[in-house]
Amino acid sequence: DAGVTQSPTHLIKTRGQQVTLRCSPISGHKSVSWYQQVLGQGPQFIFQYYEKEERGRGNFPDRFSARQFPNYSSELNVNALLLGDSALYLCASSLLATGDYEQYFGPGTRLTVT
Amino acid sequence: ILNVEQSPQSLHVQEGDSTNFTCSFPSSNFYALHWYRWETAKSPEALFVMTLNGDEKKKGRISATLNTKEGYSYLYIKGSQPEDSATYLCAFVTADRGSTLGRLYFGRGTQLTVWP
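Protein chains in written order, with the working numbering: chain A, 3 to 116; chain B, 102 to 217.
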């Protein structure tokens, strides 16, 4: 079975630009979460979606948005990029939205903002 | 702000040594505790999800214990091998009604290096 996939693997953008990151969950998983990891820190929660609805949002500015499609894949959009948005963006999928289920992570998208 | 602490930050051991790490989390509003193993350039790999006080989980040479009343979990690796070299992350899930139930609060991880 395919695991969680993310695209692209790496991305270089300029300040002020916009970026879209994509995630395909494990087949049958209805919950997708997004995390940002900067060097030296643990991953930080950005969003959780379940059955195409936003279930939660972390402490990130409105420049960050996401959506989940009918096939449960998800996109994370970041507008007006700042240098501080440079990070590894991880997507995780889970069967259900509650925290007692295993969350399976993709390999991440490395975003560099110059 | 919900604080999850892991210690030590890094650990270097010889092949064959047994080792353990600590994850400390809030002792109130506990819902679940996750452990992950993360090798460089790979996806974080789920090791355990623990939900009950006193829980003990085992996968091969790796085991974990949970104490929700005092807010800590231990991860043990018996007879470390070079392939165990990775960063081990714990993540706390709070039952606080104000928080998203599936949200993971991660520690910074313990980086383990096992020398042959």
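Just so you know, these hints were derived from the structure itself, not from any lab. A portion of the hints provided could be inaccurate.
Said to hold, decoys possible - Far from chain A by the CB rule (all over 12 Å, computed), these chain B residues: (1) Glu146; (2) Asp185; (3) Tyr206; (4) Gly210.
As the list claims (entries may be wrong) - Chain A stretches covered by chain B per the calculated footprint, using a threshold of three residues with CB under 8 Å from any CB of chain B: (5) 55 to 64; (6) 75 to 89; (7) 101 to 111.
For every residue, glycine included, the Cβ atom is placed at its ideal position computed from N, Cα and C.
Going through the hints against the structure:
1. Glu146: Its Cβ does come within 12 Å of chain A, the nearest being 8 Å, so this is violated.
2. Asp185: holds, 19 Å
3. Tyr206: Not fine: 7 Å to the nearest Cβ puts Tyr206 of chain B too close to chain A.
4. Gly210: violated, 6 Å
5. 55 to 64: Per the Cβ count (4), the hint holds.
6. 75 to 89: With 0 residues closer than 8 Å to chain B, the segment 75 to 89 of chain A misses the three-residue bar; violated.
7. 101 to 111: Holds, because 10 residues of the segment 101 to 111 of chain A bring their Cβ atoms closer than 8 Å to Cβ atoms of chain B.
The structure is inconsistent with the numbered hints 1, 3, 4 and 6, although it conforms to all the rest.
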